[in-house]
Structures are given as structure tokens and as C-alpha cells.
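Going line by line, the protein sequences match chains A and B. According to the numbering used here, the first sequence is numbered sequentially starting from 6. According to the numbering used here, the second sequence is numbered sequentially starting from 10.
I should point out that these hints are in silico values taken from the structure, not numbers from a laboratory. Please read all numbers here as calculations on a predicted model, not as lab measurements. Errors might be hidden in some of the hints.
Straight-line C-alpha distance at most 20 angstroms; calculated EDC-like pairs for lysine to aspartate or glutamate [unchecked claim]:
hint	chain 1	residue 1	chain 2	residue 2
1	B	128	A	53
2	B	128	A	30
3	B	128	A	22
4	A	7	B	266
5	A	7	B	87
6	B	128	A	31
For each label pair, taking beta carbons as the anchor points, the in silico distance ranges come out as [unchecked claim]:
hint	chain 1	residue 1	chain 2	residue 2	range
7	B	110	A	32	19 to 25 angstroms
8	B	132	A	26	57 to 63 angstroms
9	B	254	A	31	53 to 59 angstroms
10	A	46	B	201	33 to 39 angstroms
11	A	28	B	255	55 to 61 angstroms
12	A	50	B	110	45 to 51 angstroms
13	B	230	A	36	36 to 42 angstroms
14	A	61	B	199	35 to 41 angstroms
Covered stretches of chain B, going by a simulated chain A footprint (3 or more residues, C-beta under 8 angstroms) [what the hints assert, rightly or not]:
hint	segment
15	134 to 144
16	151 to 159
Cβ coordinates follow ideal geometry from the N, Cα and C atoms, glycine included.
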Amino acid sequence: MKRSLLPILCCPTCKGDLVLSVVEEDESEILEGSLYCSACGVSYPITEGIPDLLPRKKNI
Amino acid sequence: MDEHEIRRRVTEKYGEIASGKTCGCSCAPGCCGQETTAASVSLGVGYSEEDLSAVPNGANLGLGCGNPVAIASLKEGETVLDLGSGAGFDCFLAARRVGKAGRVIGVEMTPEMLEKARKNAERGSYANIEFRLGEIEHLPVADSSVDVIISNCVINLSPDKPAVFSEAYRVLRPGGRIMVSDIVITRDLPDPVKRLADAYTGCISGASIKDAYLDCIVSAGFLDIAILDEKTFPIDFITSDPEISGLSPDLLEGLKESVKSIRVRAIKPR
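All chains, please: the whole structure from these sequences, using the hints.
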């Protein structure tokens, strides 16, 4: 995903803001990393450039 | 089938289509057992030859009832959200219309479809498309951030259609529009059809009665709701099923007439 898209992303469950952590990034996009919702305590992974924002239960 | 089971079946079926294990006879009228290709299905629902040649190979799986009117309405610079973007066909067409200043976001819940879309995007080097794994009933998209929502024969597959339309309303900017094509029915389906899982994943038994479908759009808050197009949808892949072909001729005839493909436009008021 591209950094420019972050402002229009939100948590699928509470619609709150997400905090981006980058593990790997090339010149155009973030390839590996995560998007964290602090309100829900859920971390959504970014794998091969695609964020997995399927709603899920709290990670334990 | 409960909600969870419906999601599981739909994800499984469309995952198989994406990976080529089964043909996309789902929303594609009568592909199985006939000399029909994804391209001919798409031409039949109103896409142009130019549309087909404009997208990366593999992006058009011949699914859907077709949403070329929605694509044609897009303007340079708009932000577009595609609900159930599949292998990315409509996203690629939309990306060409909105240009570099615009962007297209595809939300899809089937990982195999998304993987295919991502590879297609790389092949076509589209810089203004983003795909994400997500559910259309729980959009991972911020409030009032999108100009246009498009969707091609997907919402019928959702077990919670009111949630889809209220999420669509939430993410649209005031003045934004939703332009969807979908399957609806004009009367209740016979029980054997309702029980057929293929009829669900094939976009038929999950379809709502037309008035109820439009009510979902009204209830979400949309105005200026217009049906731009309505056609009888061919359902040979259902009526040829042994469970169904034994129905009385009257029931069969009624069934054939009751499945419609519609294109709907609605506006979020300013």
C-alpha cells in the first residue's frame, strides 16, 4: 500500500485511525508491515503490499 | 445457511474461480457447458472491445452483470471505491478514467482474488490503484473520503445488505454517488432453489426482492435513487440442475422471469 492512502484508511470495526509500522518499503509502496488500531487492540498485517483489513476479534 | 457459513462458501467458491479450479459460471450468464468466454460475457453486458483490451490479461474473469455505465460516469481526479473488486477488472477500467490525479480502491474478501488483482496491477503498472482485503459490510475506509462507489454483481452475495449500504453511505463524501449493478428478484424463489448452495454463490438465492433492495438504499440515507437499466438475468446454470429442472413448468417459467439484473444510481445528499 502507498503511504498517501493512510488518511483514508480506518479500522473496519471501530472506524478509528490506524498506526502504521513499516517492516519493508520500496520507492513506491509499503510491502510488509502492520496497521494497528489502539482502540480495538488489533494489529492488521500488510503482506506483499496488501493490507489485511478483514474484521477480527481482539488478538490475544 | 447462517452468515458465517455464507461468507465461508462465497470465499471458497470465488477463491476456486480465481485459482482456475472452477469456471466462473456464477454471475456469468451460462458459461458452463457453452461456448462462452469471459470476453464474450463482458461484451454481452455492455463493456466495449476497447475496455477489454485496456486491462491486463487475467483481470476479466467474465463474472458480474456488468457496470460499464458506472465506469463511463467517472471523472478525472475522482476517488473511487469498488466493493468486491475481484481480479480487478472494473478497478483497471476506473483507474484509466480517473487518471493520475484520481485513485481507485478495491475491497475484496477473497485472498486468491486479491492476489490475482495484485499481480494484474503489477503487470499493467497501475500507480493509482490500491487493493485491500476487507469486508464490504465493515469497510476499512474513513468517513466521507470517497467520491464514487462502484460494485458489480457483488452486494447480492452479502448476508447483510443494509450494512453494505450504510457503510457505503458513511464513506461517501456529501454529494458522492453509488453506482452499482446487481441481481434482484421480483418474487420469492422456490424452496429447492433457496437450498442450492450454487444458487447462492451464483448470485441468485442471496438476491433480495427488488423493493427490499431499494429500501435498503433509501434507509441508508441516499436520495435521487434511479434504476438506470433492468434486464432479465439468464439462469440456465440453475434451471439445468437436476433438483430444479423437476419443478413444475409454471414454477420454472416464473423463476426464469423473476431474476433481474439492475443498474442503480443513488446520491448521498450534501
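Hint check results:
Taking the CA atoms of residue 128(B) and residue 53(A), the gap is about 11 angstroms. The hint holds against a cut of 20 angstroms. The suggested pairing of residue 128(B) with residue 30(A) holds, with an alpha-carbon distance near 18 angstroms, which does not exceed 20 angstroms. Our distance criterion of 20 angstroms between C-alpha atoms is broken by residue 128(B) and residue 22(A), whose separation comes to about 28 angstroms. Using a Cα cut-off of 20 angstroms, the hinted pair residue 7(A) and residue 266(B) is violated, with the two alpha carbons roughly 46 angstroms apart.
About 17 angstroms separates the Cα atoms of residue 7(A) and residue 87(B), which keeps this hinted pair within 20 angstroms; it holds. In summary, the hint linking residue 128(B) to residue 31(A) is supported, as the alpha carbons are separated by about 17 angstroms, within the 20 angstroms threshold. For the pair residue 110(B) and residue 32(A), the beta carbons lie near 20 angstroms from each other, so the given range of 19 to 25 angstroms is met. In this structure, residue 132(B) and residue 26(A) break the distance hint of 57 to 63 angstroms, their C-beta atoms being roughly 29 angstroms apart.
Evaluation of the 53 to 59 angstroms hint for residue 254(B) and residue 31(A) yields a pass: the beta carbon distance comes to about 54 angstroms. Here the CB-CB span from residue 46(A) to residue 201(B) is close to 46 angstroms, at odds with the stated 33 to 39 angstroms. Taken as a hint, the range 55 to 61 angstroms holds for the pair residue 28(A) and residue 255(B), whose Cβ atoms sit roughly 57 angstroms apart. Range check, residue 50(A) to residue 110(B): about 30 angstroms between beta-carbon atoms, so the 45 to 51 angstroms window is missed.
Between residue 230(B) and residue 36(A), the C-beta spacing of about 38 angstroms keeps the proposed range 36 to 42 angstroms intact. For residue 61(A) and residue 199(B), the Cβ-Cβ distance of about 37 angstroms falls inside the hinted range of 35 to 41 angstroms, so the restraint holds. Check on the segment 134 to 144 of chain B: 7 of its residues sit with their Cβ under 8 angstroms from a Cβ of chain A, so the three-residue criterion for coverage holds. Residues of the segment 151 to 159 of chain B lying with their CB closer than 8 angstroms to a CB of chain A number 4, which satisfies the three-residue condition for coverage.
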